[in-house]
Amino acid sequence: MLALMLLIRRFEERASQQYQAQKIGGFCHLYIGQEAVVTGAVAAVRDDDYIITAYRDHAHALARGTSSDACMAELFGKETGCSRGLGGSMHFFDKKNHMYGGHAIVGAHVPLAAGMAFASKYRGEDRVTLCFFGDGAINQGAFHEALNLIALYKLPVVLICENNLFAMGTSVKRSTSLKQIVDRAEGYDIPGEIVDGMNFREVRDKLAEIVDSIRKDPHPAFVEVRTYRYRGHSMSDPASYRTKEELEKYRLDDPITRLRAQLTREGKLTNERFDQIDKKAKETALTAVKFAEKSPELPLEKLYDYTYFKKPTA
Amino acid sequence: MREITYRQALNEALAEELERDPNVFLMGEEVAEYHGAYKVSQGLLERFGPKRIIDTPISENGFAGLGVGAAMVGLRPIIEFMTFSFSLVAFDQVVNNAPNMFTMSGGQFNVPITFRGPNGPAHQLGATHSHATECLYANAPGLKVCTPATPRDAKGLLKTAVRDDNPVLVLEAELLYSSKGMVEPPDEELLIPLGEAEVKREGGDVSIVCYAQTVPLALAVAAQLEEEDISAEIVDLRSIKPLDERAIFDSVAKTHRVVIVEQDRPFCGVGAEVCYRIQKNIFDELDAPIMRVSQEDVPMPYNERLEKAVLPNAGKLIAAVKKVCYA
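If you read the protein sequences in the order shown, they are chains A and B.
Take the first sequence: its position 18, counting from 1, is numbered 17 in numbering that gives the first Met the number 0, and each next residue is one higher.
Take the second sequence: its position 263, counting from 1, is numbered 262 in numbering that gives the first Met the number 0, and each next residue is one higher.
What the hints contain is simulated information worked out from the structure, not anything from laboratory work.
The beta-carbon is built from N, C-alpha and C at its ideal position, and this holds for glycine as well.
One or more hints might be untrue.
Derived pair list, reagent style DSBU-like, types lysine-lysine, alpha-carbon separation capped at 30 Å [as the list claims (entries may be wrong)]:
{"#": "1", "chain 1": "A", "residue 1": "Lys153", "chain 2": "A", "residue 2": "Lys178"}
{"#": "2", "chain 1": "A", "residue 1": "Lys120", "chain 2": "A", "residue 2": "Lys310"}
{"#": "3", "chain 1": "A", "residue 1": "Lys301", "chain 2": "B", "residue 2": "Lys279"}
{"#": "4", "chain 1": "A", "residue 1": "Lys309", "chain 2": "B", "residue 2": "Lys279"}
{"#": "5", "chain 1": "A", "residue 1": "Lys120", "chain 2": "B", "residue 2": "Lys50"}
{"#": "6", "chain 1": "B", "residue 1": "Lys199", "chain 2": "B", "residue 2": "Lys321"}
{"#": "7", "chain 1": "A", "residue 1": "Lys153", "chain 2": "B", "residue 2": "Lys307"}
{"#": "8", "chain 1": "A", "residue 1": "Lys95", "chain 2": "B", "residue 2": "Lys50"}
{"#": "9", "chain 1": "A", "residue 1": "Lys279", "chain 2": "A", "residue 2": "Lys248"}
{"#": "10", "chain 1": "B", "residue 1": "Lys253", "chain 2": "A", "residue 2": "Lys310"}
{"#": "11", "chain 1": "A", "residue 1": "Lys153", "chain 2": "B", "residue 2": "Lys38"}
{"#": "12", "chain 1": "A", "residue 1": "Lys153", "chain 2": "A", "residue 2": "Lys94"}
{"#": "13", "chain 1": "B", "residue 1": "Lys38", "chain 2": "A", "residue 2": "Lys120"}
{"#": "14", "chain 1": "A", "residue 1": "Lys278", "chain 2": "A", "residue 2": "Lys289"}
{"#": "15", "chain 1": "A", "residue 1": "Lys120", "chain 2": "A", "residue 2": "Lys309"}
{"#": "16", "chain 1": "A", "residue 1": "Lys94", "chain 2": "B", "residue 2": "Lys50"}
{"#": "17", "chain 1": "B", "residue 1": "Lys50", "chain 2": "A", "residue 2": "Lys215"}
{"#": "18", "chain 1": "B", "residue 1": "Lys279", "chain 2": "B", "residue 2": "Lys307"}
{"#": "19", "chain 1": "B", "residue 1": "Lys307", "chain 2": "B", "residue 2": "Lys199"}
{"#": "20", "chain 1": "A", "residue 1": "Lys289", "chain 2": "A", "residue 2": "Lys94"}
{"#": "21", "chain 1": "A", "residue 1": "Lys120", "chain 2": "A", "residue 2": "Lys95"}
{"#": "22", "chain 1": "B", "residue 1": "Lys50", "chain 2": "B", "residue 2": "Lys38"}
If you anchor each label on the Cβ, the simulated ranges turn out as follows [claimed, not checked]:
{"#": "23", "chain 1": "A", "residue 1": "Gly140", "chain 2": "B", "residue 2": "Asp228", "range": "50 to 60 Å"}
{"#": "24", "chain 1": "A", "residue 1": "Arg241", "chain 2": "B", "residue 2": "Glu45", "range": "50 to 60 Å"}
{"#": "25", "chain 1": "B", "residue 1": "Thr127", "chain 2": "A", "residue 2": "Ala20", "range": "49 to 59 Å"}
{"#": "26", "chain 1": "B", "residue 1": "Phe90", "chain 2": "A", "residue 2": "Lys153", "range": "25 to 35 Å"}
{"#": "27", "chain 1": "B", "residue 1": "Arg1", "chain 2": "A", "residue 2": "Pro295", "range": "53 to 63 Å"}
{"#": "28", "chain 1": "A", "residue 1": "Gly24", "chain 2": "B", "residue 2": "Ser178", "range": "47 to 57 Å"}
Whenever a hint applies, use it, and build me the whole structure from the sequences.
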């Protein structure tokens, strides 16, 4: 899991570099600082559980097993991308690995998560849906409607609020009437917990416990994961709405450094081994850039092939 | 064939598709215990149970989105809007999520969902409850939009919509729920393809292109015009998207004169699109400029006399026909 966290970080650093080199277009939201959240959550579920998230989605695909080649190629808008270059940074999808997107209208995917969980329950499966969203989503109508439906129909969803303290440039204090986000869940009679999102093990263990109880008896749960993004909201945001001191405080609490220290203390990791893992992550990210660069774009004559689904003719 | 109402036809379509495919479920406000605000889902709860006929709270955005999510993982939801005027609250789900998913995922996730319910102006419901939404939805690539005008079309199109692998909107005609028409017996499978118009009445002097609530209007006008020796051909589009250009062109090539009568507002409307396509493709067939009869471009007034003035009516349609016929 340390390897995955490092891969996410190195991938995002490469994405940042390639964005600045204008190889990547549109918006690009980086996950650096939040790595422990998705890594911990994915470690707590089965491969066939459903995962859906908002637009800061690169890490969720990587954590689900989408190759860094396919992720980087998507950012480059190439046909080899995980959405064939038709989705872009905010719309990563990988059906095979049960990654149900990348959704860029804030809060609008929470009803979709309700539907996915509804389907699992409808079919009598014990699948759990993990629905990630940011602290900005909790003030959207779609979010509230979905939470009510999820609670009303007792759907097997873990609602994971990645609270990085800012909805774009607006702090939670300036956007939300509650003292703590988790209290939103109480209004819908959904059990809620606060988890330290900079601590991989805490995320994993708390999620594992919740997921286990949902599998036994379908019901929703809400987790406010407190985390921090080191970069701006997107590549075009210098994040001048927060202080250097605040950023430094969180950097000292870095999720990768923390897990490294834990493992080292326990004698499970040497500096040498860490450097090896990190080197591998850097190489993988660089290889992904090369792969994306040399990949072809979707040919123009296929422009109309992805508007309506047609059953393949035998 | 036997005569049933538009409402019964829809009910049969729902029951047959629920029976055929266990992945189909019906969800919406008042669809289960209340049997539908317009009684379209009468008896379905008793027959299929609460697992498949599901009442929702008043949360159009929420349950429309729930349907999209369920469709992404293989179910075939039928989402009822109590009226399509309320679908505007779910616009983001219908326009941004349902049709975009297939493209944005590079073809990995199609969304086999049906959104259905009454659409178009009814009677003195005021501006918020009188929307015809076909133009709004036909504008979004990835959606299909149909507008049945008869019980037979209602049944055949709804069944096809449920089986389609893409998001389809079945815009039912609010004023026609109690209208009657001949429909094949229940043991005979009735599927009407999307994108296939139907000539509801043959004629030689003028083509009247219509759909939904304007079909009975056009048929009544045609009977009246017959008395004045004007023979009108009635082309019911049935589907707005895909649009059956061929049927329109064939009729216009025969009559050389055309009036489009639509239940929606004029600006950026169905009539504008049909008109553009006719002049672009078969300009030489035209013997007169194309005329269009639509709503007036104002929010719908409550006052009955004013409401009538806003809507297309026989007087307006006859005047337009006479103009293109130079009669």
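Hints, one by one, checked against the model:
1. A/Lys153 / A/Lys178: holds, 26 Å
2. A/Lys120 / A/Lys310: holds, 27 Å
3. A/Lys301 / B/Lys279: Given that 30 Å is the threshold and the Cα spacing comes to 25 Å, the pair holds.
4. A/Lys309 / B/Lys279: holds, 29 Å
5. A/Lys120 / B/Lys50: Holds - the C-alpha atoms of B/Lys50 and A/Lys120 are around 10 Å apart, at most 30 Å.
6. B/Lys199 / B/Lys321: Distance ~20 Å between B/Lys199 and B/Lys321 Cα, so the pair holds.
7. A/Lys153 / B/Lys307: Distance of about 47 Å is beyond 30 Å: violated.
8. A/Lys95 / B/Lys50: holds, 28 Å
9. A/Lys279 / A/Lys248: holds, 28 Å
10. B/Lys253 / A/Lys310: violated, 36 Å
11. A/Lys153 / B/Lys38: Roughly 28 Å between the alpha carbons, so the hint for A/Lys153 and B/Lys38 holds.
12. A/Lys153 / A/Lys94: Cα-Cα ~25 Å, so holds.
13. B/Lys38 / A/Lys120: holds, 28 Å
14. A/Lys278 / A/Lys289: Distance of about 17 Å is within 30 Å: holds.
15. A/Lys120 / A/Lys309: Status holds; Cα separation ~28 Å.
16. A/Lys94 / B/Lys50: holds, 27 Å
17. B/Lys50 / A/Lys215: holds, 20 Å
18. B/Lys279 / B/Lys307: violated, 33 Å
19. B/Lys307 / B/Lys199: holds, 25 Å
20. A/Lys289 / A/Lys94: Distance ~24 Å between A/Lys289 and A/Lys94 Cα, so the pair holds.
21. A/Lys120 / A/Lys95: holds, 21 Å
22. B/Lys50 / B/Lys38: holds, 19 Å
23. A/Gly140 / B/Asp228: 50 to 60 Å: Cβ of A/Gly140 to Cβ of B/Asp228: about 58 Å, so the range 50 to 60 Å holds.
24. A/Arg241 / B/Glu45: 50 to 60 Å: holds, 59 Å
25. B/Thr127 / A/Ala20: 49 to 59 Å: holds, 51 Å
26. B/Phe90 / A/Lys153: 25 to 35 Å: holds, 28 Å
27. B/Arg1 / A/Pro295: 53 to 63 Å: holds, 58 Å
28. A/Gly24 / B/Ser178: 47 to 57 Å: With Cβ atoms ~52 Å apart, the hint holds.
Consistency with the previously given hints fails for numbers 7, 10 and 18, ordered from lowest to highest.
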